[in-house]
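Chains as they are written, first to last, in my numbering: chain A, 21 to 215; chain B, 21 to 215; chain C, 49 to 308.
The set of hints was computed from the structure by calculation and includes no laboratory data.
Hints should not be assumed to be uniformly reliable.
Part of the chain B face toward chain A, derived, beta carbon under 8 Å [stated by the list, open to error]: (1) Gln27; (2) Arg64; (3) Thr91; (4) Leu99; (5) Leu121; (6) Pro123; (7) Ser125.
Pair by pair, the computed Cβ-Cβ distance ranges are [what the hints assert, rightly or not]: (8) A/Thr186 - C/Trp282: 51 to 57 Å; (9) B/Leu145 - A/Ala190: 52 to 58 Å; (10) C/Pro188 - B/Leu53: 39 to 45 Å; (11) C/Pro188 - B/Ala160: 54 to 60 Å; (12) B/Ala160 - A/His66: 23 to 29 Å; (13) B/Glu146 - A/Ser139: 41 to 47 Å; (14) B/Val161 - A/Glu68: 24 to 30 Å; (15) B/Ser86 - A/Pro106: 21 to 27 Å; (16) C/Phe288 - B/Ala160: 55 to 61 Å; (17) C/Ala206 - B/Glu47: 55 to 61 Å.
Each computed DMTMM-like pair below joins lysine to aspartate or glutamate, with the alpha-carbon atoms no more than 20 Å apart [said to hold, decoys possible]: (18) B/Lys171 - B/Glu152; (19) B/Lys171 - C/Asp198; (20) C/Lys276 - C/Asp66; (21) C/Lys129 - C/Asp87; (22) B/Lys171 - C/Glu90; (23) C/Lys129 - C/Glu90.
Where is the CB? At the ideal position from N, CA and C, for every residue including glycine.
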Amino acid sequence: MSQDLEQTLEALLFLSSEPVHAAVFAEATGAELHEVVTGLERLREHYEFERRGLVLRELAGGYALSTHPDTEPAARRLLARPRTPPLTPAQAETLAIVAYLQPVSRPEIARIRGVNAESAASTLLEREMIEEAGRSQFGAVLYRTTDLFLKLFGLGSLQELPDIATFDPAPEVEAELRERLLRAGEARASAIPGP
Amino acid sequence: MSQDLEQTLEALLFLSSEPVHAAVFAEATGAELHEVVTGLERLREHYEFERRGLVLRELAGGYALSTHPDTEPAARRLLARPRTPPLTPAQAETLAIVAYLQPVSRPEIARIRGVNAESAASTLLEREMIEEAGRSQFGAVLYRTTDLFLKLFGLGSLQELPDIATFDPAPEVEAELRERLLRAGEARASAIPGP
Amino acid sequence: MRTPDANAGMRLVDLELDLDVFAGPFDLLLTLILREEIDLLEVDLAEIVIAYIDHLERRGELELEAATEFLVLIAALLELKSRLLLPGVEPEMIELDPGEAAEELLVRLLDAHRYRATAAYLQGRLASQSGHRFRSAPPPAALRRAVLPDATAVYDPAMLAAAIGGLLRIPEPVDVRHITVPKVTVAERLAHLRALLRRGGFSFDEAVARADRVTVAVTLFALLELHKRGEATWTQDEPFGDILIERPATVQAGRLTVAR
């Protein structure tokens, strides 16, 4: 029975292009949830210990199969394209703000970035990394990240994102910014002018 | 090396939606053709002897992975559940036009709605509420509703579709439903200021 | 990680300005503004932007980090200035002392830095995932076919009749008769207001009695023009109340003293 369950789970994972919840597998297989979770765990170990070309991963709240990164060069030659084009700095910044502040409006993104976020947000929408999430009280469209975002970034949930404090500017950077804001004038006045 | 090749072949098979020739795998992996053939054979045996959920099959066009027949009942339960999220206004309109006018062509649906029906029709096709029903004399694909449509709406037959008189804003007009829908659609299209 | 000299972000100090109210490096101007030694209202921010663009052109390269920082700073200045230009809207913001203004700019800069670092993390994370590919082939059609006996009635047929009813409705023809080409000009309204002023004070409502919305808007524009030229002054006792317009009580060397 348990070999059968593992076999069935492997087939179901193969057929699903999106991450699937363990509960959905339980419903489809008629097995108990805990049996499914155990079966998935044994499948994960099988791929890992037998050095298979596939990896079982927990993404966006569900389970999905992907290829092993070691096989990437051959996959690239076979499919003749990189899997996910990289993000431009503007797109990455916009995505970072949405990921951490969601739901967040476009004007708010622009305020934080100091520049317009129009084109970056459109591209992220088109690539389905972010989506609309209603409107703010002032009528501005709000954005949040999608499950595809979690999938592409290898995240099980948003909780797996590092604490935003991790990215706080180092104390010396903050001190330097403060310095520049308030004392640059004096510093220049006493220093030798010129670039 | 050969474990690596088997691993890579498994990943490439996983990524391919169509059967792939051994020669194509040889090119992508940089291995010799006979090594690839041997690798594929060992992969086939692995799936068979270890009673995995996948099967490697040699078809006319090459090699392809598929799921084991034993897993089919579970796969059906997973994939064949009717998806019945609430219909969007565009989907409801498109479905209503098909239901009352069938068979009806896509351009005709677009004329009546005053806007493109592409995406709504695709969704309805995918959810198997409508299906193709031959072609019009001008070569446009015609649509009709399916048995699943009747089931999902709790209808015994198309004769049980509700009488539109209750929702008809102008019941005194005696004309063919199709003509009147087209006339209203044209009126709507001309009321929208052009670009 | 950053030292006060020799890095890309610091190149902003190279931006030498020659403005009407100030000549010298950009960051000195910033400091003087924040200390209220120079009135932000007197600074033409557009000139600074043009100077910066010239500066970039001379350098022949766009340093992204420096450019972003410049944009953050200039945006913050613009926002401060626009608040100053709208007295009464947010009185507490006008009270912003130099320390607070600097603090606000600092918070902006720190946020910008923080999300730039987060962006770098996400880019790295995406790159590290690029070796993981997912199967995108649709499952075989045979397995997907919905099983009729499993289907239950979930939709209300009335929805279909309602949709058809909506499609049968012929829309009202759009009435465009009320749209007329506005013919009123600022010059005309200026003449009108000046005529009223010659008779003494008047109320804005009186000046635009029975006028259409476009005329009201153009009249307000003309009034702003009169105010700018020092020909008129106004009082408004409460928000949305009537505006009383008068000639300035005294005009001294082109400077305006508001009559109360």
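For each hint, the structure was consulted:
no.: 1; hint: Gln27; in the structure: holds, 4 Å
no.: 2; hint: Arg64; in the structure: violated, 14 Å
no.: 3; hint: Thr91; in the structure: holds, 4 Å
no.: 4; hint: Leu99; in the structure: holds, 6 Å
no.: 5; hint: Leu121; in the structure: violated, 33 Å
no.: 6; hint: Pro123; in the structure: violated, 32 Å
no.: 7; hint: Ser125; in the structure: violated, 30 Å
no.: 8; hint: A/Thr186 - C/Trp282: 51 to 57 Å; in the structure: holds, 54 Å
no.: 9; hint: B/Leu145 - A/Ala190: 52 to 58 Å; in the structure: holds, 56 Å
no.: 10; hint: C/Pro188 - B/Leu53: 39 to 45 Å; in the structure: violated, 29 Å
no.: 11; hint: C/Pro188 - B/Ala160: 54 to 60 Å; in the structure: violated, 29 Å
no.: 12; hint: B/Ala160 - A/His66: 23 to 29 Å; in the structure: violated, 51 Å
no.: 13; hint: B/Glu146 - A/Ser139: 41 to 47 Å; in the structure: violated, 32 Å
no.: 14; hint: B/Val161 - A/Glu68: 24 to 30 Å; in the structure: violated, 48 Å
no.: 15; hint: B/Ser86 - A/Pro106: 21 to 27 Å; in the structure: violated, 34 Å
no.: 16; hint: C/Phe288 - B/Ala160: 55 to 61 Å; in the structure: holds, 58 Å
no.: 17; hint: C/Ala206 - B/Glu47: 55 to 61 Å; in the structure: holds, 59 Å
no.: 18; hint: B/Lys171 - B/Glu152; in the structure: holds, 18 Å
no.: 19; hint: B/Lys171 - C/Asp198; in the structure: holds, 9 Å
no.: 20; hint: C/Lys276 - C/Asp66; in the structure: violated, 27 Å
no.: 21; hint: C/Lys129 - C/Asp87; in the structure: holds, 10 Å
no.: 22; hint: B/Lys171 - C/Glu90; in the structure: violated, 74 Å
no.: 23; hint: C/Lys129 - C/Glu90; in the structure: holds, 10 Å
The structure is inconsistent with the numbered hints 2, 5, 6, 7, 10, 11, 12, 13, 14, 15, 20, 22, although it conforms to all the rest.
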